[in-house]
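There are 2 protein chains.
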Amino acid sequence: MSRSEIAAWLRDFQTRLCQQLETADGGAVRFGQDDWQRPGGGGGHSRVLEGGRILEKGGVGFSAVEGEMSEAAARQLQMPDPHFFATGVSLVLHPRSPRVPIVHMNVRYFEAGNGEAWVGGGIDLTPIYVDEAQARRFHEGLKAVCDGFDPAYYPRFTRWADDYFYLPHRQETRGVGGIFFDRLTLGADGSAAHLLGLMQAVAEAFASLYTPLMRENHALAYGEREEAWQTLRRNRYAEFNLAFDRGTRFGLETGGRTESILMSLPPRCGWAYNPAPPAAGSPEANTLAWLRKGVKWA
Amino acid sequence: MSRSEIAAWLRDFQTRLCQQLETADGGAVRFGQDDWQRPGGGGGHSRVLEGGRILEKGGVGFSAVEGEMSEAAARQLQMPDPHFFATGVSLVLHPRSPRVPIVHMNVRYFEAGNGEAWVGGGIDLTPIYVDEAQARRFHEGLKAVCDGFDPAYYPRFTRWADDYFYLPHRQETRGVGGIFFDRLTLGADGSAAHLLGLMQAVAEAFASLYTPLMRENHALAYGEREEAWQTLRRNRYAEFNLAFDRGTRFGLETGGRTESILMSLPPRCGWAYNPAPPAAGSPEANTLAWLRKGVKWA
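Listed in order, the protein sequences are those of chains A and B.
Here the first sequence is numbered in this note's numbering, starting from 230 and rising by one per residue.
Here the second sequence is numbered in this note's numbering, starting from 230 and rising by one per residue.
Check each hint, because a few of them may be wrong.
[As the list claims (entries may be wrong)] Computed footprint of chain B on chain A, listed as stretches where at least three residues anywhere in the stretch have a Cβ under 8 Å from a Cβ of chain B: (1) 278-289; (2) 348-357; (3) 468-478; (4) 518-525.
[As the list claims (entries may be wrong)] Here are the computed lysine to any residue pairs in the SDA-like style, where the Cα-Cα straight-line distance is at most 20 Å: (5) K522/B - D379/A; (6) K372/B - Q429/B; (7) K522/A - D474/A; (8) K522/A - Y393/A; (9) K522/A - E369/B; (10) K525/A - D379/A; (11) K522/B - R475/B; (12) K522/B - Q429/B; (13) K522/B - K522/A.
Hints are computed from structural coordinates only; laboratory data are not their basis.
Beta carbons: idealized from backbone N, C-alpha and C, even for Gly.
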């Protein structure tokens with residue numbers, strides 16, 4: 230696949246994914262679309278749904294950008310040549326109910342000026358309340374996708390997710406993890422088709438892994454206590470994305486479109502000072518106990 | 230003054246400042262206090278008031294810590310010797326009403342392992358709605374404090390605040406600025422007393438510069454429109470503190486007490502996607518027009 234074929238596939242994937250999510254949400258609320266241009270080359274389409282039946286706020290971004298990156302950015306990426314082409318789809322969904330997990334998905338393709346090309350991506354789940362069976366099913370689905378390409382992938386990629394989606398100042402993982410991979414370099418030995426296939430398979434798997442959680446959980450009961458815990462977990466999400474997520478920081482520091490980069494931030498949150506830790510044995514404490522690296526989910 | 234005398238002065242200042250703020254808030258709600266120890270040496274007292282009459286959330290932190298910092302931290306501070314002593318008071322107030330500005334104050338004293346000692350600090354104001362006369366009075370007060378030490382200070386320190394409290398991804402200053410200074414090195418020629426005096430004078434000036442804004446503004450009318458704008462401006466505050474503020478990042482990355490570092494975050498916020506810009510000529514647009522570097526406030 231050429232870079233333009235890859236970008237076209239991702240753009241079409243974004244459209245299909247938004248349709249699947251609209252249907253899963255009930256169909257009454259649609260994704261909007263903002264088209265933007267990057268002054269240095271390329272642009273994107275940001276699609277956001279707000280005020281859905283199940284999704285309080287969901288963003289699905291597509292971009293295909295090219296040009297020269299700043300010296301600082303090239304150094305950060307350890308690239309000797311500042312020319313690049315990058316295309317990808319990113320998604321973050323913030324459901325209204327504390328019973329439905331926050332979720333993040335990203336797939337991306339990158340070409341460096343020296344001809345090197347690589348893919349990256351992943352899917353990770355951030356339940357407000359961890360449902361062990363659902364978390365295991367989610368990971369088993371990711372494992373099945375990975376195993377279709379290489380049985381070494383899932384163990385490696387899920388450890389990578391644990392390490393990446395980690396809040397050092399809280400000593401917590403962002404959620405129950407998932408998979409994360411970056412800079413898997415396309416070689417000349419058939420690995421290009423293999424890795425592009427992996428990227429596409431991860432993307433295509435997303436809806437079947439996540440929309441069942443919308444369907445099964447959105448009608449479960451909750452009250453003020455669950456909403457307060459949701460606020461706290463959303464705060465953590467904002468802390469991670471603003472202070473630690475390399476993609477967000479890279480985007481903000483290199484002049485990306487701010488509203489597209491920050492469409493991942495929660496629609497409502499707010500920090501109380503030093504909230505009391507959840508009572509031992511409570512559902513909140515049970516969730517916290519899962520937010521650690523190295524859980525063998527699948 | 231010895232380091233322990235400086236720390237004792239700052240600790241006493243924290244106590245007096247909390248009393249002044251309690252009185253200005255109406256006296257019914259008190260600051261709590263959490264004492265904490267730093268594993269590597271020293272500790273602090275975090276004082277937070279929540280649910281006040283005027284102050285929705287206010288934090289006043291004191292710390293006096295010492296030991297060895299990580300190599301990464303020493304490199305960031307350009308310090309050849311990792312031993313250090315640091316003491317200071319930090320304050321962020323989030324008023325309930327959009328008519329009362331958010332405010333930040335910090336004064337700090339630092340000793341490096343090689344014997345070098347310096348002070349830093351500042352006060353800056355973040356109105357939800359800029360009142361030009363109040364912003365000018367605030368800056369004139371800061372100028373008067375600085376002019377008592379050196380007429381070159383205010384112009385230098387207010388430019389420093391403009392540069393420091395800047396959100397590059399929004400191309401906005403955080404508020405109407407104020408003063409900021411860092412690493413003013415204490416020499417042997419009487420400059421130690423001069424600079425410690427400056428630090429104390431900035432601290433002591435805070436209450437007289439800010440509490441009039443609580444008194445004058447808290448009863449002004451506001452409604453949903455003003456609250457929505459407050460949410461947006463609070464989001465910006467969170468973006469700055471989590472993604473750009475060097476003190477916050479330094480604290481989180483070097484294992485400071487997370488709840489004390491993040492007590493600056495707003496009690497309620499939440500990101501809508503790409504909100505429409507304020508209508509031309511509206512009070513919100515008028516405020517945005519002030520959020521730029523280089524305004525000659527005093």
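Name the hints, by number, that the structure is in violation of. 2, 4, 5, 9, 12 and 13
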